[in-house]
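Participant: This is what each chain is made of:
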Amino acid sequence: MPLLKDGRIVEDHWQFIGDDDDIPVQGDIVVSFERLKNSIEILVMRKGYLGVRLDNDADAHDLAPYINNLALIALEFPAFTDGRAYSQARLITTQLNFTGELRATGNVLADQGVFMSRCGFDAFEIDEHQPPHLWLSLANAMSLAYQKGYRARAGFSPRAVVASRVG
Amino acid sequence: MYRYDEFDATFVRQRVAQFREQVARRLEGGLSEDEFKPLRLMNGLYLQLHAYMLRVAIPYGTLSSRQMHKLADISVKYDKGYGHFTTRQNIQFNWPELKDVPDLLDELADVEMHAIQTSGNCIRNVTADHFAGVAVGEVEDPRPVAELIRQWSSLHPEFTFLPRKFKIAVIGTREDRAVMKSHDIGLRIVRNDGGDTGYEVHVGGGLGRTPMVSRLIRAFLPRPDLLNYLEAIIRVYNLIGRRDNKYKARIKILLHETGKQEVTRLVEKEFDQLKKQNDAVSPAEYERIAAYFQDPAYEDTDFNLDAFDEKRKQHPQFNLWLNSSLSEHRQRGYSIVTVSLKPIGGIPGDASAEQMHGVATCAEKFSLSEIRVSHEQNLVLPFVKKQDLFELWQGLKKLDLATPNVGLASDIIACPGMDYCALATARSIPIAQDISNRFADLERQHDVGELKIKISGCINACGHHHVANIGILGLEKKGVEFYQITMGGEAGENTAIGTVIGRGFSGTEVIDAVETLVDTYVELRQENETFASTYSRLGVTPFKEALYATA
Ligand code: SF4
Chain U
1 MPLLKDGRIV
11 EDHWQFIGDD
21 DDIPVQGDIV
31 VSFERLKNSI
41 EILVMRKGYL
51 GVRLDNDADA
61 HDLAPYINNL
71 ALIALEFPAF
81 TDGRAYSQAR
91 LITTQLNFTG
101 ELRATGNVLA
111 DQGVFMSRCG
121 FDAFEIDEHQ
131 PPHLWLSLAN
141 AMSLAYQKGY
151 RARAGFSPRA
161 VVASRVG
Chain F
1001 MYRYDEFDAT
1011 FVRQRVAQFR
1021 EQVARRLEGG
1031 LSEDEFKPLR
1041 LMNGLYLQLH
1051 AYMLRVAIPY
1061 GTLSSRQMHK
1071 LADISVKYDK
1081 GYGHFTTRQN
1091 IQFNWPELKD
1101 VPDLLDELAD
1111 VEMHAIQTSG
1121 NCIRNVTADH
1131 FAGVAVGEVE
1141 DPRPVAELIR
1151 QWSSLHPEFT
1161 FLPRKFKIAV
1171 IGTREDRAVM
1181 KSHDIGLRIV
1191 RNDGGDTGYE
1201 VHVGGGLGRT
1211 PMVSRLIRAF
1221 LPRPDLLNYL
1231 EAIIRVYNLI
1241 GRRDNKYKAR
1251 IKILLHETGK
1261 QEVTRLVEKE
1271 FDQLKKQNDA
1281 VSPAEYERIA
1291 AYFQDPAYED
1301 TDFNLDAFDE
1311 KRKQHPQFNL
1321 WLNSSLSEHR
1331 QRGYSIVTVS
1341 LKPIGGIPGD
1351 ASAEQMHGVA
1361 TCAEKFSLSE
1371 IRVSHEQNLV
1381 LPFVKKQDLF
1391 ELWQGLKKLD
1401 LATPNVGLAS
1411 DIIACPGMDY
1421 CALATARSIP
1431 IAQDISNRFA
1441 DLERQHDVGE
1451 LKIKISGCIN
1461 ACGHHHVANI
1471 GILGLEKKGV
1481 EFYQITMGGE
1491 AGENTAIGTV
1501 IGRGFSGTEV
1511 IDAVETLVDT
1521 YVELRQENET
1531 FASTYSRLGV
1541 TPFKEALYAT
1551 A
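Line by line, the protein sequences are chains U and F.
Numbered per this note's numbering, the first sequence spans residues 1 to 167.
Numbered per this note's numbering, the second sequence spans residues 1001 to 1551.
Watch out, some of these pointers could steer you wrong.
Taking beta-carbon pairs under 7 Å as the criterion, some of the chain U residues facing chain F (in silico) [said to hold, decoys possible]:
| id | residue |
| --- | --- |
| 1 | R90 |
| 2 | C119 |
| 3 | Y146 |
Since the hints were derived computationally from the structure, they do not count as laboratory data.
None of the values given here were measured: they were computed from a predicted structure.
For every residue, glycine included, the Cβ atom is placed at its ideal position computed from N, Cα and C.
Please construct the entire structure, taking both the sequences and the accompanying hints into account.
Facilitator: Structure, rendered in structure tokens:
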């Protein structure tokens, strides 16, 4: 899966470590929330950044005790029609005040890029068939939005949502 | 009424341009139907039994004459010269070609209309009392707040892929003409002891497979808190509403299974957070919107009661029409006129281009160029001077829009059913037509009095059959249609869900069955009793006996 960030494809230096895999000594790793809870002491001692993958039926508030240890949170869209991760993203960025990488994974579609970005996502595991230029042109299609509080995160697109006014 | 400013206008235009690009990608094969589907649904475009169907929003049911003329033109240019008004203050066009839809949407944008979020699992067109702004006893016009919600919910980034569709209705009076309690969120504008305006918040109503009346979760929500509170409710629903079964995905099921107390607790908790983090509704923005809905400059009218009564005597048809079509206006000398879209034997809610143009012209002449659309699939002229009623009646008669049956047996709500809808299990339009023909005698209808017959072509209940005096649900068994009858439902302030009274009937039997129920009522009623009150006095038994008694 190509990784879209700051409007271009970047190299994904993160490695997902399954619950039964050994934790490598070095490198930036992503673990499940289970593993995060169970092995937090070990995880924070090692070199390299730490990320977590949160299922979309989990309560995002449960991340609160760990939030300062995390540099990446990956949320999942099992199907593009399943919108739970939008609300999770919103909680994570506005209530847990997370400022690290918030990554959209799963069935991530270009036509929803602006919604995701405005809910707090800034990295997207995208489909090869939907190249970055499509993401950017779709993001630029709408320069206005009504919801004031939902600002696109920096770097997604220069023009997306320049004005808003209610709520 | 509300007028778009540059912001609104640009927003809608950009949306059309975006959809134009998506349609082009679809036509060139760059998008599969699966990929295109969610995009077209976000723009109100369905793929039905025979063709595409476009559902256009009529926010809170208010239309200008100019907009109505445009809808008429669109029906000629892109459809077969008809439009169909639905139970949710929308109009549907049944035959547009995919390639034409972007142009159609641009024409709508010319008159400040759109089809955004008229389908899909998002916040749908916000509806309101069709007598808003003219109803007697109204605390406040519900439309400014409905417009605020329209704007706030348009392409909401967080709430566009909810577990299921989400419907909001707003009213400003005790009486409920908008079936507010059958909505996911129903708001009633109220004033507290301190004289502040706020909202009762009702959550978890809905019809469909599991009909439920909503529950009051907040008795008084101050105005500035409205959007934060809505955000809290919908966020809780988005996160924990069921997604495993589409028939259990509405917020009513969450309330039912998780409990009103727990849901309320979660909502209030989230709301406390949001209040710290978000701005309240800005009074300036609310006032900016509300300014569009101020009372018009009412005129002193020179109404001559004697002459009017003379006309009534001379024209019994006019008299009959007055008896069923007028509602009390809050301004002296004015009336609210309901225009029946239910000609005897016609298709409920259908209007031809000629009729749409005609009503628009009548509104220009007699109703300050304003028209309303009711959930009962009729039109309303909200500002008619009493002295103009006769002339208006003559005008409507020429258009075949003066059937004196509003609120009566042939004022039937019916969904499109098998004639158009891909989900239907049975026909509903022909049943409505047959019942209407059976009661073609209008004197008889007036004698029978107020009666709500509502028909749905499948369990989804778009025809509101659960909240009817006589509800009819079309089902199918082994390829054969049959019709179940419910009784005891009510749509107003005391919303109640009807119950099925017994085995179903064939499409022909059901017409006789309805007539039997009506005759039974006529036989049993006491003085001044409506169908509903006879039913609540006697219960279902005499009706059941009349229907199922073996000869
Ligand atoms: S009730 Fe069923 S048949 Fe009727 S419009 Fe709704 S989905 Fe279609």
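Participant: Decide, hint by hint, whether the structure agrees.
Facilitator: Each hint tested on the structure:
no.: 1; hint: R90; verdict: holds (6 Å)
no.: 2; hint: C119; verdict: holds (5 Å)
no.: 3; hint: Y146; verdict: holds (5 Å)
Against the hints set out earlier in the document, no violation occurs for any number.
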